[in-house]
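Based on the sequences and whatever the hints tell you, model everything.
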Amino acid sequence: MSKGMPHFTSVAFSVLFGLPVVAALLACIARFAGKAARALRMGAAVGTVLAMVAGTVLAINAWAQGVPLHFDLSFFSPLPFLVSLDRLGGFFLFIVCGVSLPAVVFSFPYTEHHYPQPRAAWYWAFLPLFLLSMVMVVTGATVFAFFAGWELMTLLSAALIFLEGDGEERRRDIFLYLLTMHAGAALVLSAFLLFSPDAPSLDFASLRAAGLAMPAADKAAIFLLAFFGFATKAGIIPLHVWLPRAHPIAPTPVSALMSGIMLKTAVYAFVRFVFDFLSGGPAWGGYLVLAAGAVSAVLGILYAIFEPELKRLLAYSSVENIGIIYLAIGAAMLCRSSGVQVFAALALMAALIHSLNHAIFKNLLFLGAGAISFRTHSLRLNELGGLLKSMPTAGTVMLVGCVSIAGLPLFNGFVGEWLAFQSFLGGGQAAQPLPQLVLPLMAGVLALTGALAAACFASAYGAAFLGRPRKAEVPAAKVPLAMLLPLVVLAGACAVIGVFPMLALRPIWDLTATLVPGGDFQSVAAIAGGIQKVALITLAGVVAAFVVRTVVRVAPTWACGLAGLTARMQYTATSFSKPIRTVFSPVYRADRKLEILPENRPYFPDSISYRSTRTLSYEKLLYRPVVDAIMATAQQLRRLQTGNIQWYLLYIFLALVAMLLLMRFR
Amino acid sequence: MALKVAQFVFLVLSAPLVRGTIARLKALLQRRRGASVWRPYAELGKLFRKEDLAPTSASWLFRAAPRMAFAMTVAATAFVPVITSAGMISFTGDFILLVYLLAFGRFLLMLGGFDSGSSFGGMGGSREAMVSVLAEAPLVLSLMALALAAKSSSLAAIVGWTGAQNFFNISVVHVLALTSLLFVAIAETGRMPVDNPTTHLELTMLHEAMVLEYSGPSLAFVEWAHAIKLNLLAGLLVALFAPWGIATSWTAAALALALLLYVLKLAVAMAAIALLESCVAKLRMYAVPEFFGIATALSILAIVFTVIMRRQP
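Protein chains in written order, with the working numbering: chain F, 31 to 696; chain S, 245 to 557.
Heads up, none of these hints are tricks.
DSS-like, lysine-lysine: derived pairs with alpha carbons at most 27 angstroms apart: (1) LYS294(S) <-> LYS419(F); (2) LYS650(F) <-> LYS623(F); (3) LYS563(F) <-> LYS395(S); (4) LYS526(S) <-> LYS608(F); (5) LYS623(F) <-> LYS501(F); (6) LYS248(S) <-> LYS563(F).
Honestly, the hints are just simulated from the structure, not real lab data.
Laid out in structure tokens, this is it:
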């Protein structure tokens, strides 16, 4: 324990790392506790909440102190396990602990309602540890601490996905998830190990020192490994295939945590690598990151529009938002390498605040989806409708979520996009012609993404919440207050950051200054004043508009003078997106199946069924050869496996001799 | 400040007049007598006095959407400089906020269309969504190109920079950006050849289908907001591409001259719109992407030329 550190910091660290373990143990006992089981699960939930509160306090403290807070857990671990909290780690710790709180609170009524007792206990055994693993990732200051968290995060989230159900297809999806995550983890581990020739030990301080002295070729190799490793976790296209499969099939609060928060750990790690260890990365790196971000942003939202199921739509929209974050990171790298430091700082701020904002509104939207399925037992947009009338609170906060994620002003999503636009514009002042051209063009990509997101969420919200209900029987299950309250809190956060962005920008500015010096805070502060004036005018306008005296009469919807307008005649999410899907049809190359029965009466059929699925051609094109090559190699390697122990001893002997020779003649 | 507020109020209040004048000019071009230029005011007055019909299926959002969209459009007007060289609100990067405020208004009206519970609202919203998706990139890119050419990022600074240039020194960036912005403005305000503001035939409607279910004061807000949007974009184009004569000092003479010149410039713009709308037919809806393809290509070229211009000493 370093001198002068306030006592309460170590208490808070102990609570943060200890309570989740205690909570998990409580939940394990709950399986055998009979009548006290509910109380024990409640205890686990309270313990988790307290740990998250401790983490939030620590995160704020890390920002206020400005010096890294350290905590040594090596006593509990076989390898050095040092926890350290600088401003970057503190910011992401705030996302992991603070923003996940509503999802944790939401979980309790959700699991009590949806799961039988043993499964609810399992849920509370895994959830605190899952959160703890993310805490380890963002606070770990040794490779071991980071990597232990990184691996546990994957395994525990897979375990939580299994809680929602089992089946052939789910197992395939979870297998794919684990497979891609481990491929990514292998790359990440290689990136860490490449430091080792230059670094005396594998803690972050020596990696940082090694990064300064390292030859450029090594740096480039580390950058590439880290880029692909973390891009797999972040769901960058085309490494995203697991994301839209794994996220929607998890329990809804876990989907929220995976999409809203777990993806951000990859952003954290990538920023840590590029701006902390590699001091900005190679000059060409910015283009790679920009390209990855642009492709993910546009394709992610285009795929989201295609999805008729709310949770899958939200999963694809996570791909889009990660794309926006990567666009901003790429702009930061490119601005930095082309000598416009001021805008590098702006771009990094854009990436960071969008990480926070996306965590907030994605949690809100996923939890809102949980409230919808609680009430209607369906998340298929084309079966819902008119929910704003039957669930006014959830409907209103979901509207806030949709507006925020569409990046519209007066809500938080806009702040990050504005900063990104500013940095793209500033990139035009770079000295070289290529960044001068590329960065402003990225503004077009971001604008297209924003407009597509607005269309996507207008369609999703309109189909689910507006118009008349398409399913007649909405079960009268009232959503409990404990589920609504987290939604209201998250929606409030969207609005507060949207109108008072300085609340979030000030800490982010302090953090950015440690990574990219030479920024200019005045140009950032400009947006706050502008937004507040607009908010005032808008408020005045709305008030004035409502003051106008009106006589309202409720009348049937106009049906071209005919009677019998039914709910099925409304536009659905699918029909709403049709023009956009037509315009972008080369992207989808939809696979259509039309079945008319009976076939001999095409004009007066008994039934028509139509299915349209997005082709996965490029995914197949990209992954099939890799999978085939792995399978072919495995077939060849099978010959080594004779099952005869003498052969295996020979292999060991040969390997030993080879190693000795290698060491001797190196 | 008082003058900037006056400019803002002027833009909001004069919007129906602009619409009425275009309609009158179109009528004259088609050898009809046409209605008075003040007719849009009378229509708004009539609508405000009528009752507001809400469909049975509608929620609170149905009535809130046009009012909120109106407020957003009004707020966007505060950015536009037409007579004095700065709008009421001006800061670095203000044009992004302006673009997104207009997008917000459109988003709300799409939701309002959904809430009507008939297929018209959804249909109009869906088509409007397509148009807005295609228009957003060229809009932002051409504004970006102007900002790059002027080396500043607020509307006031861009207007000031252009105003300080000689007319014959105006660069190719401006020509490209102006053409692209014209395409976008036509689409954003729902005019020919992208949309037909006078039609009420469901096969051809975009904007009008989306707001079909509105009546009374709600419709008045929709119509007024639509007129403001047209006025705002026309004013913006005039200020960005022909700012000469805009008042840079606060003297009465300068202001009077600026107002006079602005009215003249706007008259030319209105005549151009009327002429265009009388000459061209509405595009088939799936020909609209090609229309925007041109706009996007032009705006990208504008960005490319900002780089090329910089290379030359």
